[in-house]
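Dock chains X and H against chain Z, hints included.
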Amino acid sequence: MDPVLTALAAFIMLTALLGIWRIERGPTGADRMLAAMLFGTTGVALALVLAEAVGRGGLRDAALVFALLGALTAVAFVKRAWGAGD
Amino acid sequence: MMTLTSLRRFLVRWIVIAAVWWIISEGDGSSLWLGALVALAAAALSMSLRPDGIPGLSPLGALRFAGYFLVNSVLGGVDVAMRALKPSMPIDPRFVSYPLRLTDVSARVLFANTLSLLPGTLSAQLSGDTLVVHALDCSGDVIGEIAQVEERVAGVFGIALAEASGGAV
Amino acid sequence: MPSLELTVRALEYAFYAAGAFFFLAGSVGLVRFPDVYTRLHALTKSDNLGLGLVCVGLAVRSGSAIIALKLLVIWLLVLVAGATACYLVAEAARSAGVKPWTREAQR
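Just so you know, the sequences run in chain order Z, X and H. Once you know that position 25 of the first sequence is 25 in our numbering, the rest is easy, because the numbers rise by one and skip nothing. Throughout, our numbering is defined as the position within the second sequence, counted from one, plus 1000. Throughout, our numbering is defined as the position within the third sequence, counted from one, plus 2000.
Pulled out of the complex, with its shape left as it was, chain Z reads as follows (with noise of 0.2 Å):
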């Protein structure tokens, strides 16, 4: 296993971290969802870098799905959770 990959890989999930800092924060609903944007995309960025680090090509279609899943929640939170469409 390249240890450059587990280095970012390891990156990578430090900078997801900072994302909870915001979902302490808040303040509103709209800024906790921007950390659930940004789990989405470091983590297709995460299940790539690890398909590599691990040679499991499985772990691209996790990353798809991830992607997939990104949208839906947006969707799902104006739509739902925050009240704001209806």
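To be clear, the hints were calculated from the coordinates, so they are not data collected in a lab. You may find that some hints are simply not true.
As the list claims (entries may be wrong) - Far from chain Z, some chain H residues (derived; all Cβ distances over 12 Å):
| id | residue |
| --- | --- |
| 1 | S2003 |
| 2 | L2004 |
| 3 | T2007 |
| 4 | G2029 |
| 5 | A2065 |
| 6 | A2093 |
| 7 | S2095 |
| 8 | R2103 |
| 9 | E2104 |
| 10 | Q2106 |
As the list claims (entries may be wrong) - So, partial list: chain H residues that the calculated Cβ filter (under 7 Å) puts toward chain X:
| id | residue |
| --- | --- |
| 11 | F2022 |
| 12 | Y2037 |
| 13 | L2040 |
| 14 | T2044 |
| 15 | L2049 |
Predicted model, so just to flag it, every value in this text is computed and none were measured. Built from N, CA and C at the ideal position, the CB exists for glycine as well.
Just chains X and H now, with coordinates in the frame of chain Z:
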């Protein structure tokens, strides 16, 4: 009744969707028959949703736009990254109202989404013929820049736009 | 021959470093920027560029055209999903009356 044009359109969509399946399966031939079936169903669905396709869409125009988008989305990332990291945080944000010249729905969606990835602009609301854009730094000619992007998008669909009429801050 | 291999490896790592930089910048923007709209700028543009750069590095590493194409498909999907999500959240925030931060209001 299926005319010859719509039959051709249907076949093109089937092939494109099947190609995407093939890419996603990473070239695994063993699932290609299933992919061909799913792609067939997807192509049929897409024909019932948009039988006419997107009028005026040209492959060359789309390719030219892809190049323009690639370069400018990189600039967009660099621009916002610098503003976020500089200790002085040089931002002067504002909402601007932009009167749309594009009328086609597909073109408007592409325009709004493109703006959000280019330097300093973010689409925030589309109501009637006005697009509300959040500008990260209103010191420059934001409206002029938005108008340029709109012209690029119009080029993809082979649409000619009227002279820019300007917007309001 | 080893020197070419080394060059390709260096290129791959350079893309990772650049990608990591934009992921960091996106998160810093999310923390530092003053309101939801400016934070959206940081997230949509910086993180998507970071992902794109990491994908280019991974494509170089895989040395396979089909995997490179798949990475491109995934990146494009994230771009479309990200831009759409960005619009939806911005519009929801505006409809809910979230006030935008301005420089004058700070003086």
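Verification of the hints:
no.	hint	verdict
1	S2003	holds (19 Å)
2	L2004	holds (18 Å)
3	T2007	holds (16 Å)
4	G2029	violated (10 Å)
5	A2065	holds (15 Å)
6	A2093	violated (4 Å)
7	S2095	violated (5 Å)
8	R2103	holds (20 Å)
9	E2104	holds (21 Å)
10	Q2106	holds (17 Å)
11	F2022	holds (6 Å)
12	Y2037	holds (5 Å)
13	L2040	holds (6 Å)
14	T2044	holds (6 Å)
15	L2049	holds (3 Å)
In this structure, the hints that do not hold are numbers 4, 6, 7, in rising order.
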